[in-house]
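So the sequences go chain by chain: E and S.
Count the first sequence with our numbering and you get residues 1 to 434, in order.
Count the second sequence with our numbering and you get residues 1 to 434, in order.
To be clear, the hints were calculated from the coordinates, so they are not data collected in a lab.
It cannot be assumed that every hint is accurate.
Same chains, same names: a pair is fine if it fits in one copy or spans any two.
[Unchecked claim] Here are the simulated DSSO-like pairs of lysine-lysine, each with C-alpha atoms no more than 30 Å apart in a straight line:
#1 K244 - K401
#2 K330 - K342
#3 K342 - K401
#4 K330 - K211
2 protein chains.
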Amino acid sequence: VIAGNAELHLEELNDTHAADIAEVVDQMSLEAGKLLLHDLEDEKAADVLIELDEDLRAKILEDYSGLEIATELVDNLDSDDAADLINELSEERQREVLNSIEDPIQAKGLADLLIYPENTAGALMGTELVKVNHNWRVLQCVKEMRRQAEDIEHVHSVYVVDDANKLLGTLSLKKLLTTSTKTPIGEVFTKNAQSVEAMDDAEDVARAMEKYDLIVMPVVDSLNHLIGRITIDDVVDVIRDEAKEDYNFASGLVEDVESDDSVWTTTRARLPWLLIGLVGGLGAASVIGRFELELSHVPKMAFFIPLIAAMGGNVGVQSSAIIVQALASKSPMGSLLKRLFKELGVGLLNGLICSLIIVGASLFLGYETKLAITVAVALISVVVVAALIGTFVPLLLDKYKIDPALATGPFITTTNDILGLFIYFTIGSLLLGA
Amino acid sequence: VIAGNAELHLEELNDTHAADIAEVVDQMSLEAGKLLLHDLEDEKAADVLIELDEDLRAKILEDYSGLEIATELVDNLDSDDAADLINELSEERQREVLNSIEDPIQAKGLADLLIYPENTAGALMGTELVKVNHNWRVLQCVKEMRRQAEDIEHVHSVYVVDDANKLLGTLSLKKLLTTSTKTPIGEVFTKNAQSVEAMDDAEDVARAMEKYDLIVMPVVDSLNHLIGRITIDDVVDVIRDEAKEDYNFASGLVEDVESDDSVWTTTRARLPWLLIGLVGGLGAASVIGRFELELSHVPKMAFFIPLIAAMGGNVGVQSSAIIVQALASKSPMGSLLKRLFKELGVGLLNGLICSLIIVGASLFLGYETKLAITVAVALISVVVVAALIGTFVPLLLDKYKIDPALATGPFITTTNDILGLFIYFTIGSLLLGA
Numbered sequence: 001v002i003a004g005n006a007e008l009h010l011e012e013l014n015d016t017h018a019a020d021i022a023e024v025v026d027q028m029s030l031e032a033g034k035l036l037l038h039d040l041e042d043e044k045a046a047d048v049l050i051e052l053d054e055d056l057r058a059k060i061l062e063d064y065s066g067l068e069i070a071t072e073l074v075d076n077l078d079s080d081d082a083a084d085l086i087n088e089l090s091e092e093r094q095r096e097v098l099n100s101i102e103d104p105i106q107a108k109g110l111a112d113l114l115i116y117p118e119n120t121a122g123a124l125m126g127t128e129l130v131k132v133n134h135n136w137r138v139l140q141c142v143k144e145m146r147r148q149a150e151d152i153e154h155v156h157s158v159y160v161v162d163d164a165n166k167l168l169g170t171l172s173l174k175k176l177l178t179t180s181t182k183t184p185i186g187e188v189f190t191k192n193a194q195s196v197e198a199m200d201d202a203e204d205v206a207r208a209m210e211k212y213d214l215i216v217m218p219v220v221d222s223l224n225h226l227i228g229r230i231t232i233d234d235v236v237d238v239i240r241d242e243a244k245e246d247y248n249f250a251s252g253l254v255e256d257v258e259s260d261d262s263v264w265t266t267t268r269a270r271l272p273w274l275l276i277g278l279v280g281g282l283g284a285a286s287v288i289g290r291f292e293l294e295l296s297h298v299p300k301m302a303f304f305i306p307l308i309a310a311m312g313g314n315v316g317v318q319s320s321a322i323i324v325q326a327l328a329s330k331s332p333m334g335s336l337l338k339r340l341f342k343e344l345g346v347g348l349l350n351g352l353i354c355s356l357i358i359v360g361a362s363l364f365l366g367y368e369t370k371l372a373i374t375v376a377v378a379l380i381s382v383v384v385v386a387a388l389i390g391t392f393v394p395l396l397l398d399k400y401k402i403d404p405a406l407a408t409g410p411f412i413t414t415t416n417d418i419l420g421l422f423i424y425f426t427i428g429s430l431l432l433g434a
Numbered sequence: 001v002i003a004g005n006a007e008l009h010l011e012e013l014n015d016t017h018a019a020d021i022a023e024v025v026d027q028m029s030l031e032a033g034k035l036l037l038h039d040l041e042d043e044k045a046a047d048v049l050i051e052l053d054e055d056l057r058a059k060i061l062e063d064y065s066g067l068e069i070a071t072e073l074v075d076n077l078d079s080d081d082a083a084d085l086i087n088e089l090s091e092e093r094q095r096e097v098l099n100s101i102e103d104p105i106q107a108k109g110l111a112d113l114l115i116y117p118e119n120t121a122g123a124l125m126g127t128e129l130v131k132v133n134h135n136w137r138v139l140q141c142v143k144e145m146r147r148q149a150e151d152i153e154h155v156h157s158v159y160v161v162d163d164a165n166k167l168l169g170t171l172s173l174k175k176l177l178t179t180s181t182k183t184p185i186g187e188v189f190t191k192n193a194q195s196v197e198a199m200d201d202a203e204d205v206a207r208a209m210e211k212y213d214l215i216v217m218p219v220v221d222s223l224n225h226l227i228g229r230i231t232i233d234d235v236v237d238v239i240r241d242e243a244k245e246d247y248n249f250a251s252g253l254v255e256d257v258e259s260d261d262s263v264w265t266t267t268r269a270r271l272p273w274l275l276i277g278l279v280g281g282l283g284a285a286s287v288i289g290r291f292e293l294e295l296s297h298v299p300k301m302a303f304f305i306p307l308i309a310a311m312g313g314n315v316g317v318q319s320s321a322i323i324v325q326a327l328a329s330k331s332p333m334g335s336l337l338k339r340l341f342k343e344l345g346v347g348l349l350n351g352l353i354c355s356l357i358i359v360g361a362s363l364f365l366g367y368e369t370k371l372a373i374t375v376a377v378a379l380i381s382v383v384v385v386a387a388l389i390g391t392f393v394p395l396l397l398d399k400y401k402i403d404p405a406l407a408t409g410p411f412i413t414t415t416n417d418i419l420g421l422f423i424y425f426t427i428g429s430l431l432l433g434a
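Okay, chain E solo, but in the shape it has when bound (with noise of 0.2 Å):
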């Protein structure tokens, strides 16, 4: 790639895309990036930034001085985007670059965008917006984006606010471009826009542009004062890093792990998950160990452990799993009980066929027919168990306010373990008289 890369004239850089060109720069050494982004042009160099991983563009700024990120970087890019970058700074260089940006007014507004917290729709939004009054007339309004158009790099929507710029509603570019000139704004605009307010959850402003099929979203403080707007690309992200939260959880990751990171990031993501299954196989241990008389007896048992443990594991994650997505896509989902009973069924159903199977195979393979019903039997408690431990423990966390998806992954495979051990070897300790 860098050796292709040399061959490349600076001015064909300068038109190729800040996406491809922070991809080219992720592959490089960190002088041979800090050079490239160099010669850059300040806006595109800015752009590569912002495209960049947040470890690298931290190693690039530290080049930086408080000056030159005002005046290089955060006057080239979108005030989200500006925000973010600053956000990552120490609160000193914070500061820094804060007091190096000329224009008072966006020295302010970028401030302002620091104070949302991380996950709302504030910490979302930027400020650049075209917005008309609902007294102008078209004319007037045209001119006027053309004036506030300017300064901003995309128009996604036409915002129309009262006299205390209150939102009122949108302005498609269809109605400006087929009507009359003269017409008054008031007449022609859509009322009642979507909005959101600035603390609004992230998640709920990424579900209600999803569902509403919105490309922009306009941001009001709690009084319908308009702030600011929130991009689907913004969304798009937020809704990515949901699902990967969701699937890293569900795998036994705790923190997101990139293909390239170090052996020693990817082992501590990885190890929170293993000792907590530790702990498990120590749990599990101990209540075989009470069973260790009934073992000696009937030493064939212990040849149905990894399958008792398997399914109450596969089943509990199962159950979790669809609960998780019911929350998080905030689907309905009826009382408690009815979802306890319905769970019931399904494991009752699930666990019957399993049975049936493990009964025959076990025939089949020659095993004795009191430990085949003995497995068989323990397997449907299991799995009728596991159900409904995978269908509570998620719900539960919810109520706490803790991420249900906390349910899925190694958590509950653990607890059906040790749980399932439990039924199988008290069962077996009954009917085989063990």
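The hints should help you fit chain S onto chain E, whose structure is shown.
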């Protein structure tokens, strides 16, 4: 919900967003839902139908004749939604609807859209777009745009084509607003717009739109003729579906399950993975059976069966999840050998840490030193092997064009269970001299 709804006046309903009405219809009885749709204006009813669940839509459409679908629904929908709706009908009904469409050009256009296979750019695209000729001047452009915009609900982007309808680039609203009306378009448009071909994979389209932060993506045929556009809201659905599918695989569900699906539907989605688990469990039983003699000499070996099985499974799922995500995001992966070598390092580090803990804990809990060492050595081996398998299998599946996400979920857990137990008992029979 139904009670509150009865009080709504029809006029209010026609002003309500289709997505909100669809949620209400979803909660009503089928008959009540049909009545409600019947009372809505045709355009609103069409929009609501598109928002409904596919099963429910099919039931409601049974009452519509081909002619009604053509005039009341298809005419009021964007071409991509209309094509989706027609696609869900039987072939006979599809022909009926297409023959009932008055405008032969519209009918031809829809028939063309029906050809594209699912999960291609063509299946996602709509044909409504605004395009201008590069030889026109700004004034003529605005006039043409006004004319074209009459038939189009949202104008996302203005495409610039040559006389042969080949895509040249895009014209930004900003440029249009800020340029003199006499300027030729050829001088102000942005060249080399990103585009996709109709047969490109939908997930690749999603990745490209995400990467380049696009809101709308033009679709061309293999000769670069502009034939349609894909909007980001359809791509967001692709991203959600993709994430959901991976998540379902990882949690052992073979099809999409909603929390309000019937017991039987849910069982059907869950049973295949459980059967794999069952077969795996029987496999594990037969592995342990081969070491029955060793087990009868050192019955305490049975205590650690769940621990070994669980750790093998957890590590395998973690490793494969990292690969699955890297493959999905097309991150640079490096050579297979390098990857496996790195995974070996991660496995050794994780295995070593876990083994040290297990030795300490086992001795503390009063297990024999020999057994503790057996478990520890087996644990390192199992963790390393599981990490390698978890890395190798999804890469192998991907190479043979099988969805690598299949590798997560119970499949890899089961394989690792069996292999892990074999390693454990082999080491046990060597170290314990049993």
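So, against the hints stated earlier in the document, which numbers end up violated here?
Nothing - there is no hint that the structure violates, so all of them hold.
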